[in-house]
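J.: Generate the whole structure from the sequences, applying the supplied hints.
There are 2 protein chains.
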Amino acid sequence: MPSPNPQPAIVLVRPQMGENIGGAARAMWNFGLDRMRIVNPRDGWPNQKAIAMSSGAGRLLEEAQICDSVADSIGDCTYVFATTARARDLTKPVMTPEHAMEVAREKIAAGEKVAVLFGPERAGLENEDIAHANAIINVPVNPEYASLNLAQCVLLTAYEWMRGKVDVAPERMELAKTEWANQAEIEALARHYEERLDEAGFFFPEPKAEGMKVNLRNMWSRLPLTRADAQMLHGMLRQLLRRKD
Amino acid sequence: MPSPNPQPAIVLVRPQMGENIGGAARAMWNFGLDRMRIVNPRDGWPNQKAIAMSSGAGRLLEEAQICDSVADSIGDCTYVFATTARARDLTKPVMTPEHAMEVAREKIAAGEKVAVLFGPERAGLENEDIAHANAIINVPVNPEYASLNLAQCVLLTAYEWMRGKVDVAPERMELAKTEWANQAEIEALARHYEERLDEAGFFFPEPKAEGMKVNLRNMWSRLPLTRADAQMLHGMLRQLLRRKD
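Taken in sequence, the protein lines are chains G and E.
For the first sequence, position 223 matches number 223 in UniProt numbering, and the numbering has no gaps at all.
For the second sequence, position 166 matches number 166 in UniProt numbering, and the numbering has no gaps at all.
These are calculated hints, taken from the structure and not from any lab test.
Since the model is a prediction, treat every value here as computed from it, not as a measurement.
Don't take every hint at face value.
Identical chains share a label here; the pair holds if one copy fits it or two copies do between them.
Keeping only pairs whose Cα atoms sit at most 20 Å apart, straight-line, the calculated SDA-like set for lysine to any residue is [what the hints assert, rightly or not]:
#, residue 1, residue 2
1, K107, P224
2, K92, A135
3, K208, M232
4, K213, A228
5, K208, L237
6, K165, V141
7, K107, A228
T.: Set out below in structure tokens:
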């Protein structure tokens with residue numbers, strides 16, 4: 001059973017190698033997509049190499065809709081993207097995967113059905129395939145070297161679908177687990193070091209002592225120390241000064 | 001010749017299959033990255049399978065730096081990311097690839113050297129590899145199915161590097177005044193403290209010693225230490241251990 005989450009359908013148009021179909025299934029499911037459609041797979045269907053390659057995502061192949069034509073594959077869709085390696089002169093909006101998936105999210109949220117067409121490995125989509133599309137997705141690659149394969153292209157599209165969909169905090173500091181040292185603890189740590197270093201003659205020569213103390217205080221207060229760090233730093237100092245003799 | 005564009009180094013740590021090393025090279029070059037470093041490749045170097053797989057990106061393999069240890073591979077770097085499949089309890093910032101590459105762009109624009117560590121295919125990075133890192137990159141995948149391979153993980157990171165690579169605001173350049181300690185300097189500092197603390201009997205009891213050492217390493221690599229901080233911390237340790245008697 002496909003997942004209940006509304007999502008774009010991924011349509012592989014005349015894919016050649018079973019391995020790439022399996023790889024595309026894995027790429028999709030990594031990012032939560034599980035509606036695959038396949039138009040005229042070169043080596044027929046089912047395809048053992050696709051199954052072998054799809055480990056863990058085999059369900060997508062079992063549930064894939066096999067279609068006779070691009071038109072058939074997108075008959076129920078209201079908005080269709082076509083992925084191409086080169087931007088072509090077709091007078092359609094050309095979008096990055098990022099922007100395309102934003103558009104897809106908006107349309108799907110509004111109840112529309114969306115599909116993304118991916119061409120055969122070697123030649124990509126034909127102009128007549130692209131003619132079915134409302135917009136083009138073009139992955140911005142290194143102009144000197146564009147060698148994305150089918151599964152990678154599906155991967156980046158699926159990644160963009162999930163990336164914009166999940167509200168991931170930009171930086172999860174694992175705050176729940178991290179107990180930061182508070183100012184009183186930083187102060188106690190700074191004082192402990194300052195006192196022992198003073199006894200050890202670190203703040204020398206005398207005229208520079210104040211400046212050195214300020215530098216050291218600045219360092220402690222600037223460092224993002226956890227409570228555990230502070231305890232470890234206290235323990236280190238005590239142990240270093242424990243004479244064995 | 002590597003491209004002149006400042007960029008993060010991609011470090012493959014103990015990669016197993018040559019095919020994946022070649023695939024990682026292609027993934028990188030698709031998005032304009034061409035600084036590869038490899039730590040202890042399982043099957044030696046050069047690797048024919050890597051070369052066969054790298055079609056068109058073979059230059060990256062020829063120019064790759066082969067290193068004996070993670071520490072060696074990032075000695076010249078001031079900020080290091082480690083990619084992991086699971087977030088772990090290491091009290092380091094965990095970032096999406098998107099946010100991590102934003103941070104990388106800012107740091108590189110400010111003159112810093114940045115590296116991203118990728119672990120071996122099967123097991124990923126060990127905790128002691130991660131101990132060298134300032135932050136963790138975690139790709140937000142489908143929690144029911146996470147099967148990204150090495151080259152795909154490199155692909156998404158390189159994609160995010162290129163996707164966001166718009167001109168960095170000029171005011172960022174002011175940060176260049178701060179001289180951050182590089183990894184070789186942090187490593188020397190960590191070793192200095194570890195050795196003296198070991199002699200002082202700090203890592204006790206024995207069964208906990210390894211974990212305590214990893215904790216301490218994690219702290220050093222997580223703290224934003226300047227070159228001057230590192231020198232001060234060395235000097236403090238030396239002075240504390242100078243016996244007056």
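J.: Mind listing which of the numbered hints don't hold for this structure, in increasing order?
T.: none
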